[in-house]
Amino acid sequence: MLDWIPHILEDPWPLVHMIGVIIALGAVTATDGMMMFLRLRPSLSKSLARVAPLLSLMVWVGFVIIAISGIALVLRAPGIVHVPQFQFKVVLIAIVLVNGVFINVKITPLFQEFAEQWEWRNPRLTRFERISTVTGAISFVSWWLIFLIGWSFH
Amino acid sequence: MFRCLRCHRRNSSLPVPDDPLAIVVIALGLVVVVVGVTMIYWIVFRVIMAE
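Line by line, the protein sequences give chains A and B. In this text, residue positions in the first sequence follow our numbering: the first is 14, and each later residue adds one. In this text, residue positions in the second sequence follow our numbering: the first is 26, and each later residue adds one.
What the hints contain is simulated information worked out from the structure, not anything from laboratory work. Predicted, not measured: the structure shown is a model, and the values here were computed from it. Watch out, some of these pointers could steer you wrong.
Unchecked claim - If you anchor each label on the Cβ, the simulated ranges turn out as follows:
#1 B/VAL69 x A/GLU132: 27 to 35 Å
#2 B/VAL56 x A/PRO19: 33 to 41 Å
#3 B/MET74 x A/SER60: 18 to 26 Å
#4 A/GLU23 x B/ARG71: 35 to 43 Å
#5 B/LEU55 x A/ALA90: 16 to 24 Å
#6 B/LEU55 x A/HIS95: 14 to 22 Å
#7 B/ALA75 x A/HIS20: 41 to 49 Å
#8 B/VAL62 x A/ALA90: 22 to 30 Å
As the list claims (entries may be wrong) - Within a straight-line C-alpha distance of at most 25 Å, the following computed SDA-like cross-link-like pairs (lysine to any residue) qualify:
#9 A/LYS59 x B/VAL69
#10 A/LYS119 x A/ALA107
#11 A/LYS59 x B/ALA75
#12 A/LYS59 x B/VAL72
#13 A/LYS119 x B/PHE70
#14 A/LYS119 x A/ILE36
#15 A/LYS119 x B/ARG71
#16 A/LYS119 x B/VAL59
#17 A/LYS119 x B/VAL60
#18 A/LYS59 x A/ASP45
#19 A/LYS119 x A/MET47
#20 A/LYS119 x B/LEU53
#21 A/LYS59 x A/LEU38
#22 A/LYS59 x B/ARG71
#23 A/LYS119 x B/LEU55
#24 A/LYS119 x B/VAL58
#25 A/LYS119 x B/TYR66
#26 A/LYS59 x B/TRP67
#27 A/LYS119 x B/VAL72
#28 A/LYS119 x A/THR42
#29 A/LYS119 x B/ALA75
#30 A/LYS59 x B/ILE73
Ideal placement from N, C-alpha and C gives every residue a C-beta, glycine not left out.
Based on the sequences and whatever the hints tell you, model everything.
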């Protein structure tokens, strides 16, 4: 029944990589679901603005776990870098990294600022909503594509 | 095949790949680790603890 344990201890990196994916992808999906829910219930903006940094933290923790285990996996089989799907995945990771920094540095602080006045519509808030929708969509689509491409290797 | 960073001998104990593309991918991974740890620090100490 427990014969899978020595197998994992012998080669823990694929499992560690998957744990990172679960943490990061779960937090990304939760964040985007939360932002969609905000359109239906704008009164929840203050509560969601308090949760947003925690979800962002989870995404980065997952991303670091994925990167460390990913480096270990590439070192074990460096030939994978010549597979076109893997190269596409690496490009998506670079996009997710830049987009993630932008979300953290610009979008999340602005969301906390606007959360207080979410129900009073103004041009600045409309512009912020547009930018955050684009960055959220880039994040959601890229993360899920990275997962699906990674899954296709199995 | 691995190559030592110092003596450039193959099959060394230092796991540095011979392939430039693999080095680029590993470098991107290291950038993700550095940026990720910086972001974690920033969120924990500047956003969550500052409230």
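task = Any hints from earlier that this structure breaks? Give me their numbers in increasing order, please.
result = Those not satisfied: there are none.
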